[in-house]
Amino acid sequence: MRREIPLIITTVAGLVFAVSYFIPHWPFGEAESIFGDWVAIIQAFAIWLGALNLVKVSLEKIYRKKEDALYAGIIIVCLLLTIAVGFYDGFTGGPQSSFRDTGTSFDWIYRFVYTPLTSTMFAMLAFFVASASYRAFRARNFEATLLLIAGFFVMGGRVPLFHLLLKPFTDVPYFSEFAGWIMAYPLTAGMTAIMIGIALGIMSSSLRIILGIERSHIGGGA
Amino acid sequence: MVSTIATVLMWGVGLSLIYVLYRTIKGHPIERRVVFLYIALTISLPLLMGKTAPVPVTADVQQLVDALNELTPGSKVLAAFDFDPASAPELQPMGVAFMKYAFKHDFKVIVMGLWPQGPQQANQAIELAMKDEIIAAKNLQYGIDYVNLGYQSGAEFVIQYMGSEFKRMFPLDDRHIPYDSLPIMNDISNFSNIDFIFNLSAGKPGTVEWIQIAVDRFGATCGAGNTAVQAPQVYPYLRSGQLTGLLGGMSGGAEFEKAINEKGQASTFIFAQMISHATVIAFIIMGNIAFFITRKKKKA
Chain A
479 MRREIPLIIT
489 TVAGLVFAVS
499 YFIPHWPFGE
509 AESIFGDWVA
519 IIQAFAIWLG
529 ALNLVKVSLE
539 KIYRKKEDAL
549 YAGIIIVCLL
559 LTIAVGFYDG
569 FTGGPQSSFR
579 DTGTSFDWIY
589 RFVYTPLTST
599 MFAMLAFFVA
609 SASYRAFRAR
619 NFEATLLLIA
629 GFFVMGGRVP
639 LFHLLLKPFT
649 DVPYFSEFAG
659 WIMAYPLTAG
669 MTAIMIGIAL
679 GIMSSSLRII
689 LGIERSHIGG
699 GA
Chain B
1014 MVSTIATVLM
1024 WGVGLSLIYV
1034 LYRTIKGHPI
1044 ERRVVFLYIA
1054 LTISLPLLMG
1064 KTAPVPVTAD
1074 VQQLVDALNE
1084 LTPGSKVLAA
1094 FDFDPASAPE
1104 LQPMGVAFMK
1114 YAFKHDFKVI
1124 VMGLWPQGPQ
1134 QANQAIELAM
1144 KDEIIAAKNL
1154 QYGIDYVNLG
1164 YQSGAEFVIQ
1174 YMGSEFKRMF
1184 PLDDRHIPYD
1194 SLPIMNDISN
1204 FSNIDFIFNL
1214 SAGKPGTVEW
1224 IQIAVDRFGA
1234 TCGAGNTAVQ
1244 APQVYPYLRS
1254 GQLTGLLGGM
1264 SGGAEFEKAI
1274 NEKGQASTFI
1284 FAQMISHATV
1294 IAFIIMGNIA
1304 FFITRKKKKA
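The listed protein sequences correspond, in order, to chains A and B.
Counting from 1 along the first sequence, just add 478 to a position and that's the residue number in my numbering.
Counting from 1 along the second sequence, just add 1013 to a position and that's the residue number in my numbering.
With the rest of the complex left out, here is chain B (with noise of 0.2 Å):
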């Protein structure tokens, strides 16, 4: 009933906008106010709508795929959640898709955060997967399957020392237990025990500062899901080869669901910002005819 509604309203404001276009014409462009409704209709009614869009899966995304399913069960994966809920949108969706990948293909996933609200993050994350039928009938267990080891102060440093010795950043884990005492640490001591490293990253510290250190100085094999405003800044690492893939903002997290056959949020997400952007691209143009009409004006 409600996806009905939004979708009969959907239509409506898709109509009016050729109303909008023809005021444009006639040379009344709308007001910021206006652009900001429309916005705020085409965002939310599509949300509504609980349609999904076809992503067709990019080579970026691909790459992280493959780099993926070359690791055997019982992988030891470092999943770096160093973003906080403003980017949660985009971000988050990529965490549950990647710790429901992980935790089905029995790796080892030891999660850690450079900064302070990551672990929080990683924790709804794992809370998410684990409601996966799949994965609740493995009955993982908190320090032999997987780990939160915490937050660390230090950014890029703690990745430096890391590169020799886990423990000296993470003597304790999110919960207080001594590195030692946990089983799934027992033969990680530095990057070389890692087989790979998925890092989800808003800024700084983050993609760029984990390709530097730890793929650079140590080694590993790093993968990474940034923010769309942020996945720029990568992109010359990844055709260098220091990074392997990398998930692009929102449509980067459906076309990892997509490729690794787990419909989450970013699979509807997508709708509504393939909507939004639809009603930017016909507002740049409306914003084009009115330049052109009004410099006509001026020129006669």
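With the rest of the complex left out, here is chain A (with noise of 0.2 Å):
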């Protein structure tokens, strides 16, 4: 029963939503619906059960004296700490306010703690995204060649770098508009195929998980 029950809520829930966005009256308007509450519901429970998880794996790395132990206490006190922030400016915030308000402690920690420590995180992608320009963008052949210029012209045409080389001899931008064109066309119709593609490719697993062929989800093969 316990690969049998998921199988059958998998089942149920699938055509429901499938059928309802055709029909949507009763009663498959009213299943969804259900569902679609559902579907919050565990939404919701996913990030207590993330930041539970959280906090045993981080728990395990002190127990076991693991090389990063102390990290692993930071980011447990941290958690706490933020948790008991919100909880705390969100009884003492007076009936018609909000632990996010501007002001509060919890927002403190949000603008100059976390803020800062993920925008951080972030920007480290531009100095791998230059060095790995510097490595891989080579024109070793026609279709590496082709990135090469697409690339070449949509980094400066994107910028205004390109329109500014050519300002002293027309305020037309012509790189902007090539740039736009890049991505107006040959990108659109790369990223539809590719679209079409991974919509085709979700409609035939979707298919086989709702009629109980794939079963890897709950822990059996295909």
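These aren't lab readings, by the way, just hints derived from the structure by calculation.
Watch out, some of these pointers could steer you wrong.
As the list claims (entries may be wrong) - From the structure, some residues in chain B lie toward chain A, with a derived Cβ separation under 8 Å:
1. I1052
2. K1064
3. V1068
4. P1069
5. D1079
6. N1082
7. T1085
8. A1099
9. N1136
10. P1184
11. P1245
12. Q1246
13. P1249
As the list claims (entries may be wrong) - In the DSS-like style, the derived pairs of lysine-lysine whose C-alpha atoms are separated by at most 27 Å in a straight line are:
14. B:K1064 / B:K1144
15. B:K1039 / B:K1312
16. B:K1117 / B:K1144
17. A:K645 / B:K1039
18. B:K1089 / B:K1064
19. A:K645 / B:K1276
Glycine included, C-beta positions come from ideal geometry on N, C-alpha and C.
Join the two chains into one complex using the hints; note that each chain is given alone, in its own frame.
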């Protein structure tokens, strides 16, 4: 039954969502509504599940005195502190206020701790992209040369770099328009083809899951 | 003073690239850490120079501005902030510029987020917009002129149920005020009462979900601001007319600020991005020179 019940839920929910898109009336509309509430509730619990899992993994590292146990300790302290501050602001903020409001302690943590940390992590991309471009963007063959040329014009055309270089001669942003053309036509054509392929793949995978052919998500084989 | 020093240093960095090119031609390509150093300098120094770059407004951005220009005072716009601080440098300036435009044109602004951090990013954008003298003079009231509905879990299902009833997904706003007690929400039950949706997106759930559900299924009008990485994914929707205007990356933000005449952070950041792009292009050229020299040596 550990496998059959999840399979039945998957099949029923999948069929309800598929049918209700085309027939949004009773009973499919109502059934979709109920399953939709389930989705919202399960996703909300998933956030807690993620947090608890983080605590579990970190505590294990501390218990086993692993090399990065110190960082695991910092993670737990920061997690608990942020939750505590959020709850405190929520309960003491008054009837028409939010723990997210400007000026709360939670907002301070968000602005001056969380934001710089996540921004720093994301900013690392600039270095890796530049280094990867330097080492990998080579005109090795015809296809690579095409990619190189397209990348060259998009990189220079999406920012006003080439426009500035041309400015003494003309005010018409030829390079910007050319970069826009690359985005509007070759890119859109390729992207559309990829999206259609992905959509077909999702449809076939979904059908396999709904019909119970694909069972890897519940620990079984295909 | 800082600006002058940064400009002088920037010229030094630019000239040093000639030496790097010389070494590359001589068969001594630079190592990865030097590339990192150049990128750090060419991003940080232009930010200190405080200059802007003359961005031409592209058709994608103009389409969004035209759609906003068609709205009348009192129009109800839904601003969905679906991103976190990692994408804020690209998307937050768009959010601030949009808020300034909306408040100056007396739109009623309803804010929400499908990402937990979204409502807080929206609060910051509203706070900055409120510092504008013209907007401050309007004395806008929370709950009457704008509202933050907060975050709701459920991703695309939230959009789907908002199509039938907003209140179901947001019985309380971000400040725990009941939906029915918010004057701005009095005559809003679903997307048919919303004149325009503006989505700022850094991934999933985001613009694609808003288009597929709010636009395609419920007939809403939606414009978007996306990170440069995500923008290519929504171009097919833009070309098909499902998306009404797109601000792509930092350049999209700068173009938007120029088009609505609201100089903000994107106008400054785009200069730094332009210089860093120029550096990357220079390194790509040098990388190819090194590649051809090595290949020639191997053949010889």
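Checked hints:
1. Checking I1052 (chain B) against chain A: minimum C-beta separation of about 5 Å stays under 8 Å; hint holds.
2. Interface hint status for K1064 (chain B): violated, as the beta-carbon distance to the closest one in chain A is roughly 11 Å, over 8 Å.
3. Because the closest C-beta pair between V1068 (chain B) and chain A is about 5 Å apart, less than 8 Å, the hint holds.
4. The criterion of a C-beta within 8 Å of any C-beta in chain A is met by P1069 (chain B), whose closest approach is roughly 4 Å, and the hint holds.
5. Using the Cβ-Cβ criterion of 8 Å, the hint placing D1079 (chain B) at the interface with chain A is not satisfied: the shortest such distance is roughly 16 Å.
6. Given hint, N1082 (chain B) at the interface with chain A, is violated; its Cβ is 21 Å from that chain's nearest Cβ, farther than 8 Å.
7. Because the closest C-beta pair between T1085 (chain B) and chain A is about 30 Å apart, greater than 8 Å, the hint is violated.
8. The interface hint given for A1099 (chain B) is met, as the beta carbon of that residue sits about 4 Å from the closest beta carbon of chain A, less than 8 Å.
9. Contact between N1136 (chain B) and chain A, as hinted, is supported at the beta carbon level, the nearest pair being about 6 Å apart and thus within 8 Å.
10. With 8 Å as the threshold, the beta carbon of P1184 (chain B) stays out of range of chain A, its nearest partner Cβ sitting at about 12 Å, so the hint is violated.
11. Evaluation of the P1245 (chain B) hint against chain A yields a held restraint, the C-beta minimum of about 6 Å falling below 8 Å.
12. With 8 Å as the threshold, the beta carbon of Q1246 (chain B) comes within range of chain A, its nearest partner Cβ sitting at about 7 Å, so the hint holds.
13. Contact between P1249 (chain B) and chain A, as hinted, is supported at the beta carbon level, the nearest pair being about 5 Å apart and thus within 8 Å.
14. Taking the CA atoms of K1064 (chain B) and K1144 (chain B), the gap is near 22 Å; set against the 27 Å cutoff, the hint holds.
15. At most 27 Å may separate the alpha-carbon atoms for a hinted pair to count; K1039 (chain B) and K1312 (chain B) meet this at roughly 17 Å.
16. Proximity of K1117 (chain B) to K1144 (chain B) is assessed by CA-CA distance (about 12 Å); at most 27 Å being required, the pair is judged to hold.
17. Among the hinted pairs, K645 (chain A) with K1039 (chain B) is inconsistent with the structure: their alpha-carbon atoms are about 34 Å apart, more than 27 Å.
18. Proposed proximity of K1089 (chain B) and K1064 (chain B) is contradicted: the alpha carbons are some 36 Å apart, above 27 Å.
19. Between K645 (chain A) and K1276 (chain B), the direct Cα distance comes to roughly 22 Å. Compliance with the 27 Å bound is thereby established for this hinted pair.
When each numbered hint is compared with the structure, violations occur for hints 2, 5, 6, 7, 10, 17, 18.
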